[in-house]
Amino acid sequence: MMRTSDLVASAGRALRANPLRSALTALGVIIGVASVVAMVALGSGAQAQVERSIASLGSNLLIVVPGALRGGGGVRGAAGGWDSLTLDDAAAIAAQIEGVVAIAPSQRARTQVIAGGANWNPQVEGVTPAYLVARDWEIARGRMFDDTEERQARRVVVLGATVAEQLFPNVDPVGQTVRMNGGVFEVIGILESKGQSGFGMDQDDIVLAPLTTVKRRISGRQRRADTVSQISVKAASEDHLSRIQDEVEALLRQRHRTREGEDDFTVQNLSSITEAAAQTTQVFTYLLGGISAVSLLVGGIGIMNIMLVSVTERTREIGLRKALGARQSDILQQFGLEAVTLSVAGGIIGLVIGVLGAWAMTSLFNLPLVVAPQNAALAIVFSGLVGVVFGAYPAWRAAKLDPIEALRRE
Amino acid sequence: MMTALIAAAGLAKLYRMGDEIVRALDGVSFEIARGDYCAIVGPSGSGKSTLMNILGGLDTPTEGRIVIDGADIGEMDDDALASFRNRTVGFVFQSFNLLPRLTALENVELPMIYAGAAPGERRARASELLARVGLSERMGHKPTQLSGGQQQRVAIARSLACRPALLLADEPTGALDTNTGVEILNLFGQLNREGATVVLVTHDHEVAAATRRTIEMRDGHIVADRANAAEARHDAHV
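Heads up: the sequence lines are chains Z and Y, in that order.
Each position in the first sequence, counted from 1, maps to that position plus 16 in my numbering.
Each position in the second sequence, counted from 1, maps to that position plus 2 in my numbering.
No lab work stands behind these hints: they were computed from the structure.
Just to be clear, a hint being listed does not mean it is correct.
Stated by the list, open to error - Computed list of lysine to any residue pairs in SDA-like fashion (alpha-carbon distance at most 25 Å, straight line): (1) Z:416 x Y:78; (2) Y:144 x Z:36; (3) Z:416 x Y:80; (4) Y:144 x Z:422; (5) Z:416 x Y:82; (6) Z:416 x Y:221; (7) Y:144 x Z:424; (8) Y:144 x Z:30; (9) Y:144 x Z:26; (10) Z:416 x Y:73; (11) Y:144 x Z:328; (12) Z:416 x Y:76; (13) Z:416 x Y:65; (14) Y:144 x Z:38; (15) Y:144 x Z:34; (16) Y:144 x Z:28; (17) Y:144 x Z:29; (18) Y:144 x Z:21; (19) Z:416 x Y:74; (20) Z:416 x Z:369; (21) Z:416 x Y:95; (22) Y:144 x Z:27; (23) Z:416 x Y:79; (24) Y:144 x Z:25; (25) Y:144 x Z:18; (26) Y:144 x Z:333; (27) Z:416 x Y:63; (28) Z:416 x Y:144; (29) Z:416 x Y:62.
Unchecked claim - If you want the footprint, here are the derived chain Y segments under chain Z, 3+ residues with CB under 8 Å: (30) 66-75; (31) 91-101.
Heads up, the beta-carbon is just placed ideally off N, CA and C, and yes, glycines get one too.
Produce the complete structure using the sequences and hints provided.
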């Protein structure tokens, strides 16, 4: 039996004898592995981005909006189009449903915000202090208004990062005043930046004001003082989310005296939206990876092709080695190792190029770079496997050569 | 009386060529003693190459029995034959068959690699053998940097690497000019005097005359088996 060191030296010598050919053969695997690694990293980056931006809306969050999203028969208003949700609904949910950490009714409005010479037209959200808890939002500077200020309809606002930047580019906005709908409001805090939402909206283009203040002074609704445009319900954990969703739906149906299918409200589960979006990008990742894997297959066929040529060229050498005492297994191992060395070397180089490529693309598209170590290991193992699979037949042919015939070959 | 190294009885080798069955060997029986120096001669098609392949463990007989150094060739599987070729036989070929990418030293080491010898031990043995065939100055040379005679000396050194019981040479002077051929034959003669059993396969009666015994083959049979005169052997030195 041959020593392993001799086997390795012999395979290495054979590969070095034709450096250009070895490099070109490995190139097939290099391209294959590089594209698989880059595409999967890109897909994973996109997936992480989608998950991150949806999670930025708030985790374990249910959002109740008026109106039915899924239309049955008859005329339906768009979701959010009815005044069907009230502060009492929010209070009932808080009182009757277990596992809710925060419940935040809010009223949406849109109005011009003016500060000095600058003006801006952001989303104005009338909220209770619980809103920040429900949405996992922090105050960057200053403070949030408290429940007392909310109840007393104080003229205070907390600005989103975008609004603060637009209206007060040079000064600290905290302590300044803005004018909305003819009234003067004091800026008491700045929200931490959340960036774009998963749906492409700038979440920082927002002004938070006490709910009562918005109802009385901005949204200008006269008909009912107690309706809200949205109720955010934050569950203690993801496990309770679907139960709470069911209970909220049942409770609201009972309160609104509607039957299932005739709902005048919709409960949106953000985690199911997250899941769906993540699944979409995951399918996308598999698709990209699968297409790239085809090029790895082509690389494998290249290895097989060159190994077959090599066996034919070295027939006489193989015959001689057998005459000198090489067993079939020695020849099999030598040629097998040559193929595996080519493919694994290609795999390692391909991995490096793939990661660099993924880095270049993700920085171009402003995505996070996600290279899972197990994916990298998988790429190497898979390229080794390509060497084994496509090197097996040429190596077997070499091992089975008849030494008498092989020695006679010129 | 020396014990027989090779004992063959009723050897036959049949080949199928289309519809016809060719008997390359047909009822061949002989013995070769340890320490003998023997030539197998015959024209092409006489069966001498087939016989050589069987002696070398590259082929097995269809019929009959041949025992070399206690090993029955017909009974061995592929791995056992590989091991037999490695340890019991030293091959010398007409066209040298050195690996062009390896140095003289590495070529001599090659059989020992398949024997699993340690690198240091292997290197020492190979340089000792190259010194013995007069090439201690050429160990690092590639085959292309050596003359035909030198290449055949490297091949002979290689054949001795695993201390084989039998040296088997197939037309070892066929690719060499007359003077170099004589040198190579003298080297075989010297190895024989030092105790090696040498079997030469050749179509050349002058080469055969340099040995002690000639087995002549024709159409798969042994047609003559005679001792050579000592004077003829000395002619080779001239």
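Verification of the supplied hints:
no., hint, verdict
1, Z:416 x Y:78, "holds, 17 Å"
2, Y:144 x Z:36, "holds, 22 Å"
3, Z:416 x Y:80, "holds, 10 Å"
4, Y:144 x Z:422, "holds, 22 Å"
5, Z:416 x Y:82, "holds, 15 Å"
6, Z:416 x Y:221, "violated, 30 Å"
7, Y:144 x Z:424, "holds, 22 Å"
8, Y:144 x Z:30, "holds, 16 Å"
9, Y:144 x Z:26, "holds, 16 Å"
10, Z:416 x Y:73, "holds, 23 Å"
11, Y:144 x Z:328, "holds, 23 Å"
12, Z:416 x Y:76, "holds, 19 Å"
13, Z:416 x Y:65, "holds, 24 Å"
14, Y:144 x Z:38, "holds, 23 Å"
15, Y:144 x Z:34, "holds, 17 Å"
16, Y:144 x Z:28, "holds, 18 Å"
17, Y:144 x Z:29, "holds, 14 Å"
18, Y:144 x Z:21, "holds, 22 Å"
19, Z:416 x Y:74, "holds, 22 Å"
20, Z:416 x Z:369, "violated, 38 Å"
21, Z:416 x Y:95, "holds, 22 Å"
22, Y:144 x Z:27, "holds, 19 Å"
23, Z:416 x Y:79, "holds, 14 Å"
24, Y:144 x Z:25, "holds, 18 Å"
25, Y:144 x Z:18, "holds, 23 Å"
26, Y:144 x Z:333, "holds, 15 Å"
27, Z:416 x Y:63, "holds, 19 Å"
28, Z:416 x Y:144, "violated, 29 Å"
29, Z:416 x Y:62, "holds, 16 Å"
30, 66-75, "violated (count 0)"
31, 91-101, "holds (count 4)"
The earlier numbered hints that this structure contradicts are 6, 20, 28, 30.
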